[in-house]
Amino acid sequence: MTAIRIAGVRKVFRQGAEEIVALDGIDLEIARGELVCLLGPSGCGKSTLLNAIAGFAPPTSGSVVADGRPVTAPGPDRAMVFQEYALFPWMTVERNVAFGLEMKGERREVVRERVEALLRKLHLHDFRDRFPKDLSGGMRQRVAIARVLAIDSPTLLMDEPFGALDALTRRNLQDELLRIWAELKRTIVFVTHGIEESIYLADRVVVMTYRPGTVKRIVPITLPRPRDPSSVEFNGLKRVIEGLVMEEQARHVEAEARRGTAG
Amino acid sequence: MDRAARIARALVVPAIFLAAWEGISRAAWVSPIILPAPSQVLVRWLAYARPYRPWDPATERWLAWALSGELLGDAATSLMRVGVGFFIGAGLALPAGLLMGAKPRLYELFNPMVQLFRPIPPIAFIPLAILWFGLGNPPAFFLISLGAFFPVLMNTIAGVRNVDQLYLRAARNLGAGDWTLFRRVMIPAAMPYILAGIRIGIGVAFIVVIVAEMIAVNAGLGYRILEAREYFWSDKVIAGMISIGFAGLGIDVLMSRLNAWLLRWHRGVEG
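Protein chains in written order, with this note's numbering: chain X, 1 to 263; chain F, 1 to 271.
These are calculated hints, taken from the structure and not from any lab test.
All C-beta atoms, glycine included, are put in the ideal place defined by N, C-alpha and C.
Don't take each hint at face value.
Stated by the list, open to error - Listed next, with one range per pair, are the computed distances between beta-carbon atoms: (1) D164(F) with V21(X): 22 to 32 Å; (2) R6(F) with K238(X): 57 to 67 Å; (3) F246(F) with R130(X): 37 to 47 Å.
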């Protein structure tokens, strides 16, 4: 069963007189319940692709279909977790988690019950009346995850959600995410530039090329979970993927250098 | 101990200032009409604040009597004018600012005129205010509301226009429609700007009320200062000025408390 079908997606940005092809000829099918990581150096268009799926920035050409419906606008069926958390700072933790449910017009008791359960599930219960500014980065991202889980979205889009966290907190949240994913079986599209993170999490790692962003290779990860990053198999995969990513990173550096001498 | 030391330090400069002033006046270097001594001002201020007549329990209650002094009447009149004028001005500026901030088309239409009118000091409207509204309270309300209007308008526009796109995307993504987005995301996100505008607006309203009271009214702190000048009562002029200072300080303290509470979620706001 396909959750998301991306066909012939091309995205062109205009930057002054210059045209930048951010994405070109992307074809990708993501199965329901699958955890897919989009991996590549900065400038490979992985976030652009995620934004196209989210409906924030429609592609220049090509199509994105989610659960059988063409994507034209952002919607709660494709809930997004942002790297910058994007919590509403004027709302308490509890109000933030409740926001999506209130948008759905759920009854007050239903909202209260669901929020309660999610706060417990994500160990946020003691922080329900805090404002986001009083929480650590890891806590804020937990709230952001609770907020999207609240609306029961079949697909979760995650844009480098753990990128700003320290290594230990990141591992905690990765485990938490896997636990939630195993329990709820949502489709997850996870953008990252962390090679180890992608192997640790994904069913498939989609390695993308530097400008224009295309699919360089899709690497299936069949290691059983929980995965051990120090194992031989894990490191074998890491070597392969690192090789692919570093080729693109080299093109990135080259392009920057060219731009430097041209400018 | 630390607190006592801080208070003591805060009082050092005012104490020296008052002592020097008192000394200069006592030494009769200048005429008491040009510069009355602070002690004389204090006496005058107490007289200004005191009820006119002795308390007669048979005809009035003690509280009504205690509040019947000239100063409190003037202060209440001035604050009422600030209040009414500010609510008219801010009441018009707030919805206008929200609309102009949220709708770029409206902004383009109205901004040129706003930019033209904004630099005109409300005081320049005095002749027209009298022509249009006559004497008494109405021209004062008009001038004060004009003074409060622009700071609130400009800050509300800036607040709405500066709302972080990230919040709008997150809210849309969670299923918010236009109206909810406006009400539950844009307005609270713009609140720090809006409250700053309100604070500036109240400050301007306070300046304008004193000027407005110097024309065509017969009560209020501004009126009283001008009246005292007619009689060369410099001590009463200064007593009136100090009263204005205290009233302004009081309002600002209240506003900053309100600010701190409303923006308790906001980074960088002192509790």
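Each hint, compared with the structure:
The supplied range of 22 to 32 Å is met by D164(F) and V21(X), whose beta-carbon atoms lie about 28 Å from each other. The given range of 57 to 67 Å is respected by R6(F) and K238(X), whose C-beta atoms sit roughly 60 Å from each other. In this structure the hint that F246(F) and R130(X) lie 37 to 47 Å apart at CB holds, the actual value being about 38 Å.
In this structure, none of the earlier numbered hints is contradicted; all agree with it.
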